[in-house]
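Participant: Each protein sequence line maps, in turn, to chains E and B. By the working numbering, the letter at position 11 of the first sequence is numbered 11, and the numbering carries on one by one without gaps. The working numbering runs 266 ahead of the 1-based position in the second sequence.
No lab work stands behind these hints: they were computed from the structure. The reader is advised that the hints may include incorrect statements.
Said to hold, decoys possible - Here are the simulated DSSO-like pairs of lysine-lysine, each with C-alpha atoms no more than 30 Å apart in a straight line: (1) E:Lys-262 x B:Lys-354; (2) E:Lys-262 x B:Lys-434; (3) B:Lys-354 x B:Lys-434.
Said to hold, decoys possible - Just some of the chain E residues that point at chain B, by a computed CB distance under 10 Å: (4) Met-12; (5) Ile-66; (6) Val-70; (7) Thr-85; (8) Leu-183; (9) Val-184; (10) Leu-187; (11) Leu-192.
All values reported here derive from a predicted model rather than from experimental measurement. Even for Gly, the Cβ is constructed at its ideal location relative to N, Cα and C.
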Amino acid sequence: MTPLERIALAMMWIIAGCAVVFLLTPLVVTVAVSFGNSAVFTLPPPEWSLRWYERLANTRGLWPSIITSVQIAGLSTLISLVLGTLCAIAIVRGRFPGRDAIATFLVSPLMLPGLVVGIAMLQGFRLIGLREAWTSLLIAHVVITMPYVVRTVLAALSLFDFTLLDAARMLGCSPAQAVRRVLVPALGPAFLTSGMFAFLASMDNYPVSIFFTDAWTKTLPIQMLQYVEERPDPTIAAISAGLILLAVIVMIIGDRLVGLRKLADF
Amino acid sequence: MKRDRSLIGWLAAPAVIYLVLVYALPLLWLLARSITGPEGITFALFRDFFADPFSWRVIGNTMRIAGLVTLVCLLVGYPVAFALARAKGMRQVVLLAAIILPLSVGVVVKAFAWQVVLRRDGVVSQFLVGIGVWSEPQRLLFTETGLVIGAANVFLPFMILPIYSVVKLIDPRLMEAGATLGVGPLRRFFRILLPLTLPGVVSGIAFVFSLAVSMFVIPSLLIGDRFQTLATLTGRSFLLMRNEALGSVTATVLLVLAVMIVLLSSLLARRAARFS
Numbered sequence: 001m002t003p004l005e006r007i008a009l010a011m012m013w014i015i016a017g018c019a020v021v022f023l024l025t026p027l028v029v030t031v032a033v034s035f036g037n038s039a040v041f042t043l044p045p046p047e048w049s050l051r052w053y054e055r056l057a058n059t060r061g062l063w064p065s066i067i068t069s070v071q072i073a074g075l076s077t078l079i080s081l082v083l084g085t086l087c088a089i090a091i092v093r094g095r096f097p098g099r100d101a102i103a104t105f106l107v108s109p110l111m112l113p114g115l116v117v118g119i120a121m122l123q124g125f126r127l128i129g130l131r132e133a134w135t136s137l138l139i140a141h142v143v144i145t146m147p148y149v150v151r152t153v154l155a156a157l158s159l160f161d162f163t164l165l166d167a168a169r170m171l172g173c174s175p176a177q178a179v180r181r182v183l184v185p186a187l188g189p190a191f192l193t194s195g196m197f198a199f200l201a202s203m204d205n206y207p208v209s210i211f212f213t214d215a216w217t218k219t220l221p222i223q224m225l226q227y228v229e230e231r232p233d234p235t236i237a238a239i240s241a242g243l244i245l246l247a248v249i250v251m252i253i254g255d256r257l258v259g260l261r262k263l264a265d266f
Numbered sequence: 267m268k269r270d271r272s273l274i275g276w277l278a279a280p281a282v283i284y285l286v287l288v289y290a291l292p293l294l295w296l297l298a299r300s301i302t303g304p305e306g307i308t309f310a311l312f313r314d315f316f317a318d319p320f321s322w323r324v325i326g327n328t329m330r331i332a333g334l335v336t337l338v339c340l341l342v343g344y345p346v347a348f349a350l351a352r353a354k355g356m357r358q359v360v361l362l363a364a365i366i367l368p369l370s371v372g373v374v375v376k377a378f379a380w381q382v383v384l385r386r387d388g389v390v391s392q393f394l395v396g397i398g399v400w401s402e403p404q405r406l407l408f409t410e411t412g413l414v415i416g417a418a419n420v421f422l423p424f425m426i427l428p429i430y431s432v433v434k435l436i437d438p439r440l441m442e443a444g445a446t447l448g449v450g451p452l453r454r455f456f457r458i459l460l461p462l463t464l465p466g467v468v469s470g471i472a473f474v475f476s477l478a479v480s481m482f483v484i485p486s487l488l489i490g491d492r493f494q495t496l497a498t499l500t501g502r503s504f505l506l507m508r509n510e511a512l513g514s515v516t517a518t519v520l521l522v523l524a525v526m527i528v529l530l531s532s533l534l535a536r537r538a539a540r541f542s
């Protein structure tokens, strides 16, 4: 190895180390602030306390927004899993023109500015007279979650050997049994990882949700941004710490199911 | 079985019909509305928008910030992608966790954290004063530098992962072969590694640039209302100013920009793949 290469290699590891610190900074700071007793975000906190967590119980509007977010994220993920999987099967197994185009179309909401998609939907829903916030949120979030499901399930299906279904049929399974006992277990990890990431994407969405909230129906990110604007105090950090914990749990489950390296596949 | 194969295509129908109705048609409707006035097709809204110097300042802000964010992400992300491909054991776990975990945390959480970090008494200011770079505490919050730091932090994984996906496919023996043949390290980098990683670099740049052009929450929290980008102006004109004519024009400009980035990057990625 030449000296130049050795320097390049050392630089690479130094930058990687700095990048790890940089990437984790917001998460670590949030958790540290949430356990401190300082109301003005002093770091490191003068004293540790749970006062911001105790406040969560009577923070106005927090729990309704969490319930709305979980309902919308859960239901939209479920609908996307059903519609997205059916579509992925059609794309992998079907023999019709434009299958690639359909796949691109279903993943495209991920590539367009969320704000523009949100505005377009807002105007579309108004046109047909839909003004109910909760229903609008659900309909919109199916579009947000669909790309995650289609992308992952499509990748898993293209590795699935469909002759296994014929084998199950020959061994005496009905078509429905063959799907339930062979196809569904084989796709299990894909359902779980795509479902989790779709759920998180819906939970975290701001630019689309903002157009479909009213005074009574708010999702968690909308409610949080409102707190940030009205009275920024570490209560927001405590809520954030909860969301970070959720992300950690999702990552650990994902690691157990498919491995971290697989999660990093793009 | 033959009949099954021809019918199976219909399984795509529910999802496709759903997305056409609630996503594709509204987008087309948005485009159509931005070019129709009381007397048929007109580009008056766009003419007014592009004739206003304020619009050009907003477009300039958008492009400058997105360009800087992309540059920072590329300079940091490129070596990190190589480190990730080489890392084993504990290093690998730490790197992967540091990249994937922030991806699953919402943008409101991270932008709020950067508000705390970039304050005058925040961690960055304390650190820089501590090591003597700054003589007194400064506020990075509500400055362009602060915005670029925060946005680069949020979008960095979208640069690392596409580059990593091509780096991990490179056969390390290629570099050894180059060395055995007496090619110097700099030439080896520019003639072997860079061309091979170009498709990943192109898609990373496209990802980060399009995310940075359309970011909305991050600038609202880190720089405030005095600094407008296309996305914040779009959001404001619908949510606060109730100026939907302006909003649909900026939304259309954003949409066209996003589609152009996607098309251009897939074209360039195909070129780069063929070249290597």
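Participant: A separate judgement is required for each hint: does it hold in the structure or not?
Facilitator: Consistency of the hints with the structure:
1. Note on E:Lys-262 and B:Lys-354: the hinted pairing holds, with a Cα-Cα distance of about 15 Å set against a maximum of 30 Å.
2. Taken as a hint, the E:Lys-262 and B:Lys-434 pair is honoured in the structure, with Cα atoms around 12 Å apart against an allowance of 30 Å.
3. Our distance criterion of 30 Å between C-alpha atoms is met by B:Lys-354 and B:Lys-434, whose separation comes to about 13 Å.
4. The criterion of a C-beta within 10 Å of any C-beta in chain B is met by E:Met-12, whose closest approach is roughly 5 Å, and the hint holds.
5. Interface hint status for E:Ile-66: violated, as the beta-carbon distance to the closest one in chain B is roughly 13 Å, over 10 Å.
6. At a threshold of 10 Å, the smallest CB-CB gap from E:Val-70 to chain B is about 14 Å, leaving the interface hint violated.
7. Interface hint status for E:Thr-85: upheld, as the beta-carbon distance to the closest one in chain B is roughly 9 Å, under 10 Å.
8. Among the interface hints, the one on E:Leu-183 is violated; its C-beta lies about 13 Å from the nearest C-beta in chain B, farther than the 10 Å criterion.
9. Below 10 Å, beta-carbon pairs count as interface contacts, and E:Val-184 has none with chain B, the closest being about 15 Å; its hint is therefore violated.
10. With 10 Å as the threshold, the beta carbon of E:Leu-187 stays out of range of chain B, its nearest partner Cβ sitting at about 14 Å, so the hint is violated.
11. For E:Leu-192, the interface hint is violated, since its Cβ never comes within 10 Å of a Cβ in chain B; the closest pair sits about 14 Å apart.
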